[in-house]
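Line by line, the protein sequences give chains A and B.
Note that the first sequence covers residues 5 to 119 in the numbering used here.
Note that the second sequence covers residues 1111 to 1226 in the numbering used here.
Among these hints, one or two may not hold up.
The list that follows gives simulated cross-link-like pairs (lysine to aspartate or glutamate, DMTMM-like), each with its CA atoms no further than 25 Å apart [what the hints assert, rightly or not]: (1) B:K1111 with A:E45; (2) B:K1111 with A:E76; (3) B:K1218 with A:D60.
Which bits of chain A does chain B cover? Going by a derived footprint, with three or more residues having C-beta under 8 Å, they are [to be verified]: (4) 44-58; (5) 106-113.
In case anyone wonders, no lab produced these hints; they're calculated from the structure.
Just so you know, these numbers come straight off a predicted model, no measurement behind them.
In this text, a Cβ means the ideal position worked out from N, Cα and C, and glycines have one as well.
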Amino acid sequence: NAGVMQNPRHLVRRRGQEARLRCSPMKGHSHVYWYRQLPEEGLKFMVYLQKENIIDESGMPKERFSAEFPKEGPSILRIQQVVRGDSAAYFCASSRQGYSTDTQYFGPGTRLTVL
Amino acid sequence: KQEVTQIPAALSVPEGENLVLNCSFTDSAIYNLQWFRQDPGKGLTSLLLIQSSQREQTSGRLNASLDKSSGRSTLYIAASQPGDSATYLCAVPVTSSGGGADGLTFGKGTHLIIQP
Chain A
5 NAGVMQNPRH LVRRRGQEAR LRCSPMKGHS HVYWYRQLPE EGLKFMVYLQ
55 KENIIDESGM PKERFSAEFP KEGPSILRIQ QVVRGDSAAY FCASSRQGYS
105 TDTQYFGPGT RLTVL
Chain B
1111 KQEVTQIPAA LSVPEGENLV LNCSFTDSAI YNLQWFRQDP GKGLTSLLLI
1161 QSSQREQTSG RLNASLDKSS GRSTLYIAAS QPGDSATYLC AVPVTSSGGG
1211 ADGLTFGKGT HLIIQP
């Protein structure tokens, strides 16, 4: 059973370009979470999704950021018109059913660098 | 708004010592608390998850305790080894209404170095 997969592992973009980060949850998991880790800062929750639904996006910046988890395929975190301050490690996690007994399993992250 | 604090921020001890990492949280209405480790440049590995109804969980040389009423958790590492060197993070659900299915609020971590 493969773990949470994220790609690409490293992504370089110039200011103003778009960044698309992909996350495939563990098999059998229907809950996906995205987090951002800025340099020298802790992990910050961004958004929580179930299949085709955004459950909680309270941690998402109001502009330029969006997320989806379609019925088929991976979850996508999309950043439009990237700026240097978006440079960070973006982690995806998944859990099975969303009960309080469920551990969140993390992927290896995508490290975004904005030039 | 839930806030998580971890003390100390960094710790360096000789191999073989027992050690305790501390975590405190401001909103005691939590469903669970998780401890993770993060190695440099890597993702997070889940170590232990404690339900709000539990007082402790053990896995090998690791023991985590939870005192919900005082908003505290500790991670005890017995007979430390150089391979234990990593950053240790504790996390609780962002809100108390998610039923356990929730984003997590993390502390900034304790950076642990075990000297050979």
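Hints, one by one, checked against the model:
no.	hint	result
1	B:K1111 with A:E45	holds, 18 Å
2	B:K1111 with A:E76	violated, 34 Å
3	B:K1218 with A:D60	holds, 22 Å
4	44-58	holds (count 8)
5	106-113	holds (count 8)
In this structure, only the earlier hint numbered 2 is contradicted, and the remaining ones agree with it.
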